[in-house]
Structures are given as C-alpha cells and as structure tokens.
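Asks: Chains A and B supply the protein sequences, listed in that same order. Using our numbering, read the first sequence as starting at 1 and increasing by one per residue. Using our numbering, read the second sequence as starting at 1 and increasing by one per residue.
Keep in mind the hints are simulated off the structure, nothing from the lab. Where hints are given, some of them may not hold.
[To be verified] Stretch-level coverage of chain B by chain A, calculated; a stretch enters the list once three of its residues show a Cβ under 8 Å from a Cβ in chain A:
{"hint": "1", "segment": "401 to 410"}
{"hint": "2", "segment": "422 to 434"}
{"hint": "3", "segment": "442 to 453"}
We put the CB at the ideal spot given by N, CA and C, even for glycine.
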Amino acid sequence: MNKGMENTILIVDDDRGILESFDAMLGDDYPVTMIDSGVKALAFLNESQPRLMFLDLKMPGLNGIEVLKWVRERYEDVKVVVVTALPQDHYESLAREYGVYRYLRKPLDVDEVEGITRTALH
Amino acid sequence: MAGRRKSEGTKGSRYVPLRYRFIAVTSILLILLLGTTAILLGIQQGRSIRSQLERRGLAVAQSLAAASKAALATYNYLALEQVVNQVAQDPDILYAVIHDKEGRVGGYSGRPDLQGKRLEDQATAKALSSSSPVIQEIQPAGSNPLFLEVSLPIYIPGSDLRWGTVRIALSLQHMVVQIRQIRLIIAGIGGLALAIGIVVSAWAARRITRPLGELMRVTVEAAKGNLDQEVHVATGDEVEVLASNFAVMIREILAQRNQLEIQLREITRLQQYTEKLLTTMNDGLISIDRDGRVAAINPAAAHMLGIDEVSGIGDSIETLGSGADELLAYMRQMLEPAYGGNQREIQVLRNGEQRIILANCSPLLDKEGEVVELITNLHDVTELKKLEAKMRQTERLAALGILAAGMAHEIRNPLSAIKTFVQLLPRKIDRPDFLVKFQRTVPRELERINRLIEDLLELARDPKYHFAPVNLRGLLLECTELVDEELAQRGVRIDFSFRADREEIWADSDQLIKAFQNLVRNAVQAMAEGGDLGIDVREVDHCPMAERNPGRERGWVLLTFRDTGAGMTPESLKSIFNPFFTTKDTGTGLGLAITHKVITEHGGAIEVESTLGVGSTFRVYLPSMEKAS
Numbered sequence: 001m002n003k004g005m006e007n008t009i010l011i012v013d014d015d016r017g018i019l020e021s022f023d024a025m026l027g028d029d030y031p032v033t034m035i036d037s038g039v040k041a042l043a044f045l046n047e048s049q050p051r052l053m054f055l056d057l058k059m060p061g062l063n064g065i066e067v068l069k070w071v072r073e074r075y076e077d078v079k080v081v082v083v084t085a086l087p088q089d090h091y092e093s094l095a096r097e098y099g100v101y102r103y104l105r106k107p108l109d110v111d112e113v114e115g116i117t118r119t120a121l122h
Numbered sequence: 001m002a003g004r005r006k007s008e009g010t011k012g013s014r015y016v017p018l019r020y021r022f023i024a025v026t027s028i029l030l031i032l033l034l035g036t037t038a039i040l041l042g043i044q045q046g047r048s049i050r051s052q053l054e055r056r057g058l059a060v061a062q063s064l065a066a067a068s069k070a071a072l073a074t075y076n077y078l079a080l081e082q083v084v085n086q087v088a089q090d091p092d093i094l095y096a097v098i099h100d101k102e103g104r105v106g107g108y109s110g111r112p113d114l115q116g117k118r119l120e121d122q123a124t125a126k127a128l129s130s131s132s133p134v135i136q137e138i139q140p141a142g143s144n145p146l147f148l149e150v151s152l153p154i155y156i157p158g159s160d161l162r163w164g165t166v167r168i169a170l171s172l173q174h175m176v177v178q179i180r181q182i183r184l185i186i187a188g189i190g191g192l193a194l195a196i197g198i199v200v201s202a203w204a205a206r207r208i209t210r211p212l213g214e215l216m217r218v219t220v221e222a223a224k225g226n227l228d229q230e231v232h233v234a235t236g237d238e239v240e241v242l243a244s245n246f247a248v249m250i251r252e253i254l255a256q257r258n259q260l261e262i263q264l265r266e267i268t269r270l271q272q273y274t275e276k277l278l279t280t281m282n283d284g285l286i287s288i289d290r291d292g293r294v295a296a297i298n299p300a301a302a303h304m305l306g307i308d309e310v311s312g313i314g315d316s317i318e319t320l321g322s323g324a325d326e327l328l329a330y331m332r333q334m335l336e337p338a339y340g341g342n343q344r345e346i347q348v349l350r351n352g353e354q355r356i357i358l359a360n361c362s363p364l365l366d367k368e369g370e371v372v373e374l375i376t377n378l379h380d381v382t383e384l385k386k387l388e389a390k391m392r393q394t395e396r397l398a399a400l401g402i403l404a405a406g407m408a409h410e411i412r413n414p415l416s417a418i419k420t421f422v423q424l425l426p427r428k429i430d431r432p433d434f435l436v437k438f439q440r441t442v443p444r445e446l447e448r449i450n451r452l453i454e455d456l457l458e459l460a461r462d463p464k465y466h467f468a469p470v471n472l473r474g475l476l477l478e479c480t481e482l483v484d485e486e487l488a489q490r491g492v493r494i495d496f497s498f499r500a501d502r503e504e505i506w507a508d509s510d511q512l513i514k515a516f517q518n519l520v521r522n523a524v525q526a527m528a529e530g531g532d533l534g535i536d537v538r539e540v541d542h543c544p545m546a547e548r549n550p551g552r553e554r555g556w557v558l559l560t561f562r563d564t565g566a567g568m569t570p571e572s573l574k575s576i577f578n579p580f581f582t583t584k585d586t587g588t589g590l591g592l593a594i595t596h597k598v599i600t601e602h603g604g605a606i607e608v609e610s611t612l613g614v615g616s617t618f619r620v621y622l623p624s625m626e627k628a629s
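If we strip away everything but chain A, and leave its shape as in the complex, we get (with noise of 0.2 Å):
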C-alpha cells in the first residue's frame, strides 16, 4: 500500500459477492480497496487510514466489532461504516457504542451507499 492514499474507500468483507459489489458501486468513482479479513485490515490501517471504510461485521478471525473497537481507539478520522446481513439489533447498538459513523443492514441500497458515501467524503 502506498502513503497518501487517504482518499481510498477501505472495504472490509469476507464474502467475496459484497466485495464485488462494492467495487461495481464505488469502483468506478473512488479509489476502493478491497480486503476480505479483519486481521488483514489492521494490518493495512496501520500503514494507512482512509477517511472512509465499510465494514462487515461476521468474519473469520477477527470480527467487525473488535476491528471497529481498534479503529475508533487510535484513528478517530476514520469514519466506519458497518454493514453486516446479522439481524440481530444487539450488533448494532454495540457498534453505535463504539462510534460507528453509519450501521447500514443488508441488502445494502446503491443510492444510500452512494450518498453516505458523498457525505463522508466532502
């Protein structure tokens, strides 16, 4: 990863469909990077923090929370937006406690994502 890529959109999900999906949401507009492990992730915010990231919350190893828990902790500039297809509304509560930016339930809607992201961005 390259410094100064602060402008990139970090997308973190295990399930290879919502990457994809993504990418044919954001791809076209905003640098995106994919990953597809929370351990992977802390890995690559601690060479560099986007302003924005989506994160899923199930996935193997390290979960959506905890990556968020670690996020929030030491970069407060990163705003996280959850996206998760767990409907359990315990989740979300516990992401709101942990200064999520956006909790957003799958099926995700293009136009809301494209609008969160907009705002997040400008």
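Take the given structure of chain A and dock chain B to it, following the hints.
Replies: Here is chain B on its own, set in the frame of chain A:
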C-alpha cells in the same frame, strides 16, 4: 407386677412373720425339752425318795426282826406287842406287825385286839407266803392315803426254818409332799428357763430377721417400682450376700430401666419425627393393605384428592374420592403381584380442577416377602408440567430464532450483492466490464441462495439413502483431498491412522462424505493459526450413546476427529448440532447439523468434547458391516 405377685402370695398363705415363727418354734422346743427334763427329774427324784423309804423300811423291819427273835421263839406276845408299839412310835410308821411261825398276829401296834388272830387280807397273805422280803403298795379302803408295806420273813439262824414275819407300814405322805415340792421347784426353774429362753429366742429372732426385714422393705418398695434406694445390711452372713446380690439386681434393673427409657424416648422422637415428616412433606403418601383398604394417608395426599384426611383410614380405597378413578385403577393394578411397571402420570380431579400427579408404588413386604401394604407416593407435577411446556415453547422459539437469524444472514449476503448489481444495471448497461462482473456475480450469488435452501431441505427431508458397501479408508482420504487447498493455506497437518480390520462399512457414500467433510472443515476452520488434525479409525465393542449395543461379533467403527483448534465453551457444545448455530464467523451453521443427521440416519452416533483453547474431539460411531446389513 412382681410386687403384686408378692403381695398376693403373702395374702394367700397366711402371712406369719418369720420372727414369730422362729419364736414359736424355739418356745415349743424349749417347752418340750424343759417338760421332758422336769418329768424325768421328777420320776428320778420320786424313785430315789421311794428307794430311800424302802431301805429305811427294810432297816426298821430288820431291826424289828432282830429285836423280836427271842420273843418269837418263846411266843412272848407281850414282848412282841411292846416291841411293835415301840417301833410304831415313829410318826412315819403307820403300823408294825409281827406274825408268829403259824401266821398269827404276835403283835400289832395300836391293835392289841388282833393279837393271836389270823389276818385274811391279801397283803397279809402275800407277806406270809413269800420267803423273801416283800415290798408292796397298799391302797386302803376309804380315802386314806396310799402307804408302803415292807414285810420280812424271820428265819432261825443257820436253818431255813421260819420263825415268823415282820411287817412295817410306812406312810407315803411325806414322800408325796417331798416329791411335790421337788416338782414345784423343777417347774419353777423350768418356767424361768422357758421365760429366759423365749426372751433370748425373741432377741435372736429379731437379730436374724431385722436385716431380712430391711431387705423385705426394700423389695416391697422395689416391687412398687421405687427402685432408687440403698440396701443397708452388714450382717456378715448369707443375708448380707443376699442383700448385696439384691442391690446388684436392683442396680441392673435400674440401668435397664434407664436404657429402656432412653430407647423409648428415641422411639417416641422417631415416631414424632416420622409423623411430622409425613405431615409436612409436600408429596402425598397413601398406604393400602392387600384388601384395598386405606391403612394410612397423609394430609398432602388428602389435599391432592380433595378429601377429608381422617375419614379415609380403614375405608376401602373407593372412598378416596370420585375424582381419583385413574389413581384407584392404578393402585388396584399395582396390587396384582404379576403387574409390572411402576411410575405413572395420573390425572385427578381436585375440587373440579384437573391436576397431574406422578404416582409411584412400592410394596411393603413382610419377612416372608409377602406384600403387606402398598405405599403409593403422589407427587403433584401439574405446575412442573406447565413449566415444562412453557420451557419447551421457549426452547422451540429460541431454536427458531437462531434458525431465522442464521437464514437471514446467509440469504442477505448474496441478496445484497444481487440487489446492488440489479440496481446498477440500468445505469451501467453499456459498460462491458460491468456486464462481465454482473454475469460472474449474480448467478453465483443466486446459486448460493439456492444451495442454502437445498441444505435446509436436506436437513428437513426424510432419509432417502442408497446404502452400499463403502470403503471407509478411501472415503476419508477422498474427503481430506477435497479440503487439501484449505489445509495448506492454514498450515494444518493431518495425521491419519486407520486401525480397523475391515475397511468396508454399509453406508451411503455421498451422504457420509458430506458428513465427514463438514467435520474436517469444522476442525480446519477452528485452527486459524494452523495445527494438527488427527483422524483415527478403529473398531470398538460398545457405543456409549447407543441404546442397545450389538454383540462382540457386530460392534462399532469409531472415527475420532481431534483438532488443536480454539475449542468451545460448554454452552456452545450443547447447541453445536443445532441448525445455524455457529461459533465461527464463517459458515452457515448447517454443516454439523447435517453431519449429525447423516450419522444418526446411518444408525450411528456422534459426540463431542472440547476444551477452550486446547481443541475439540468429535467421535463418530458407525455400526460395523454385519449390523447394518
């Protein structure tokens, strides 16, 4: 009781104190002894006096004979009379007579008129006819006292020619008086001796019987039940031994009585405890005898049946209330010796309210093993049943919740991807690279949803297997090859050991490979940082989970999958085979559920044990070839 017998005995056989008996016996003995002595002494004295008298009479007669010899030879009657009267001067001599050789009276004291005459009385005849001295007692006519007559024949010296006879009458009056006096003295001494004897014997009797009296007093008290007393007897003889033995006996009885009291108290306490237990216990207890009559019923049982407790005892069980028909039928059934089965849930109607009671019978047997009573324990499980139903409902809902949440997650991911591509399609329809991505992603994600549905259906469908002999070793190798790539990626090593003699088992290979694959994948995913997966196959005789184990010739194949992964908490272990339950952040949570179903439908069993941070071990038991065929 002993006391009563004693007093009855004393009443029945004329109670005379030993002391009086002793005194009476000694007195009688004394009287006999003294009486005999006195009589013998009297007789002896009488004899002595009389022989003295006789000797005196003889002496007087001899001197009279000597004095009258010359006069007799010469028939000098005057001289004879003189001599006779001289002799008769003695006051003790009543008369003196001298007969001549012809038997005529030569001289008779005080009776000169009889001189020369012959006397015809019997005494005279006897005196004259005897050739030796004669002593005879004579009772004169009238009330004159007895006297003694001594007669002595007078012979001429040197010849047996009789010259005459001398007779002396001696008065016995003096002798009688003397004897009477002697007797009086003897009687006096005897009386005195008797009195002293009685006093002494009374004293001795008292001396002997006093300790006996003390002993008796104590025994009477003891008989009355007053055992707590001392025996003071120190006579140094058998009575003392008796008393000390009695004291020992009393102490023994006291100790036994105390022991009995303690035991009685304990029995009473136990009885009260049992009663309290029966009264306070929440479970009902009804005991019935073999004739079907109520022997005992506790308040809880009465309450359960809605009847009055007291009225039930001794009655037929039919009176236990109309709402308890099922219970009555059960108890009657249990009275039949051949009837098996025991615990039963029974519905009873208590005051119109339906209650569920768990009844449990146990027979009370006597020494011969015969049923004496049947004790039925009643436990009201109505509330428990309600709670159970509620819990089952909750569990069902919880399971459904996990299932729904799992399904939601598994469907929403592909659904989200599909939705995004569909939403973008109108905008990017002219972009060939987008269309390529569309073509690649959307059908794949649709297929994911479809597969999920199929998995679910698989779980829910009726077993439809194609059983055939399957080589287990080959199947396991195939299974590990399928995850080879993943193994290499995660740095997991497989340690495969096949120790079963027979390699083939009876199975549906497609299903079984799916089941094993899930286990292997599960293990691999638990070892994110790499590790060892041990797969071990061997034959065993028993399966701990199987209800009925086959014989040795049948047996089981045991497959062990042991990983060195993250392990699981005991809570997780309980739900591990539930659909959509997963501790991992990947996977649908259907894998192990399917494995469980497949193994079970092969007639096998699966169990798992796990330690957090150490790893998990899955054990799969599959029936050996013979059993399945």
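Asks: Hint by hint, note whether the structure agrees.
Replies: We went through each hint and held it up to the structure:
Figure legend: the segment 401 to 410 of chain B, annotated as covered by chain A; annotation consistent (5 residues with Cβ-Cβ distances under 8 Å, at least 3 required). Note: the segment 422 to 434 of chain B has 4 residues with beta-carbon separation from chain A under 8 Å; the three-residue rule is met and the coverage holds. Counting residues of the segment 442 to 453 of chain B whose CB lies closer than 8 Å to any CB of chain A gives 3, which reaches the minimum of 3, so the coverage claim holds.
Checked against the numbered hints above, the structure violates none of them.
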